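Visitor: So the protein lines, in turn, are chains A and B. Last residue of the first sequence? That's 251 in this note's numbering, and every number before it is there in order. Last residue of the second sequence? That's 1228 in this note's numbering, and every number before it is there in order.
Take these hints with a grain of salt, some might be off.
[Claimed, not checked] Here are the simulated DSSO-like pairs of lysine-lysine, each with C-alpha atoms no more than 27 Å apart in a straight line:
hint: 1; chain 1: B; residue 1: K1192; chain 2: A; residue 2: K151
hint: 2; chain 1: A; residue 1: K174; chain 2: B; residue 2: K1126
hint: 3; chain 1: A; residue 1: K151; chain 2: A; residue 2: K209
hint: 4; chain 1: A; residue 1: K248; chain 2: B; residue 2: K1094
hint: 5; chain 1: A; residue 1: K209; chain 2: A; residue 2: K18
hint: 6; chain 1: A; residue 1: K209; chain 2: A; residue 2: K248
hint: 7; chain 1: A; residue 1: K196; chain 2: B; residue 2: K1096
hint: 8; chain 1: A; residue 1: K126; chain 2: A; residue 2: K204
hint: 9; chain 1: A; residue 1: K126; chain 2: A; residue 2: K151
hint: 10; chain 1: B; residue 1: K1192; chain 2: A; residue 2: K174
hint: 11; chain 1: A; residue 1: K18; chain 2: A; residue 2: K3
hint: 12; chain 1: A; residue 1: K10; chain 2: B; residue 2: K1192
hint: 13; chain 1: B; residue 1: K1192; chain 2: A; residue 2: K204
hint: 14; chain 1: A; residue 1: K250; chain 2: B; residue 2: K1094
hint: 15; chain 1: A; residue 1: K174; chain 2: B; residue 2: K1094
hint: 16; chain 1: A; residue 1: K174; chain 2: B; residue 2: K1096
Hints are computed from structural coordinates only; laboratory data are not their basis. Every value quoted in this text rests on a predicted model; they were computed, and no experiment measured them.
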Amino acid sequence: MDKNISFTLKVWRQRGPKEKGHFQTIPVKDMPGDTSFLEMLDIVNEELINKGEEPIVFDHDCREGICGMCSLYINGHPHGPATGATTCQIYIRRFNDGDVVTVEPWRSAGFPVIRDLMVDRGAYDKIMQAGGYVSVNTGGIPDANAIPIPKPVADEAMDAAACIGCGACVAACKNGSAMLFVSAKVSQLALLPQGKVEAARRAKAMLAKMDELGFGNCTNTRACEAECPKCISISNIARLNREFISAKLKD
Amino acid sequence: MWLSNSSIGRKVVMSVTGLALILFLTFHMAMNLVAIFSADAYNMICEFLGANWYALVATAGLGALVVIHIIYAFWLTMQNRAARGSERYAVSAKPKGVEWASQNMLVLGIIVLLGLALHLFNFWAKMQLPEVLHMLGMHVDTANVTNGVYHIQNTFSCPVYSILYLVWLAALWFHLTHGFWSALHTLGWNNKIWFERWRMIGNIYSTIVVLGFAVVVLYYWLCGGSCC
């Protein structure tokens, strides 16, 4: 049995995109250690509603670490202190009695705050719409062995495809750059024969969209890789650079 | 032009100019080492790289590289600050695996630039510049313009200059340790295996370059270029 923990929650409150935000301090008493971070926010919200106050707005969906909907910048880390885990996979037992737990939204020009801890990550959808797909008529399914793909390549593509598009890379980046996301999405397709055909067009279109939406220029600090809940490697960024530069040199 | 209107293009410019400057540092360091072994040989190099047309062309090219590197650095930094938005995190922690240098390249670059200004004042303004002015018909003292060792002794006999130069070299070391692998990464010449290799090669290379410079400073500071 986990012991109960009491701590101070310092949470960002902002009524709307244009309003000025501030921190609200909420004491949390005797929270069981096996409560997930989002459940804790649910409990706090219930208390706020019972008191007649506005609940804290935050994004969440699957609560099992695969949908990429939860966010939250907890104590200086996107998705909190754990490595390779999303906010919904963080448990209160990670914190100590008497801690101050600061919760902020992703802060980046590309992800404007909608309310409290919820940010607009529509920019990622726009980048995907710009080229993150394979535009061929799929037809019938070919036999799995009809297109041989070496195991290491398949693994690398799968690792890149593990990106859930949560935006932690942008949140962690001091340059507000979305390169880790874009490079993972470019890589997962460019590595495989079906996606290779359009690799050059895809890299150019997705990068142009990323630049247009106001994300920053990557300076290889590796903060994204360290904070990514899916441990996406920055070797994908090198691949995107390679694809993009060779595409431009061919033009 | 993709070298100015795409984020990767802008970084390619930073990478290529940066790598070219690393190459320049390597030659510069190798020539400096000559000053330890033979003062005459060093002065011959100074004469060779004085106000001759090829040396002047190379100097202009080098100046252009430095200027482009700096302009792009400020340009990228301004864009990146804008991309970060107006609100800053109240609490931020440095994730593990993030080098200090990688997040402070601009500050390190500014220190390197200030050191460069001092360096130009100490040497270039007393060597190539008066020679050029003399060629343009101005009356300047050109007695010591190719006597490099004389200027080295003059500068490093002053401990303040020696310490400033060592601080400058330390900043340069931090700048290079990140810049080296980062440049190759930006050019796309990297993957999971080569990542650690490039970092190691970059660390060793920058250490050799910076030590090569530092040895000359220490040699002329501590024994005035006469002990051997």
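Visitor: For a quick check of understanding: which of the numbered hints are violated here, in increasing order?
Guide: 2, 3, 4, 7, 9, 11, 12, 14
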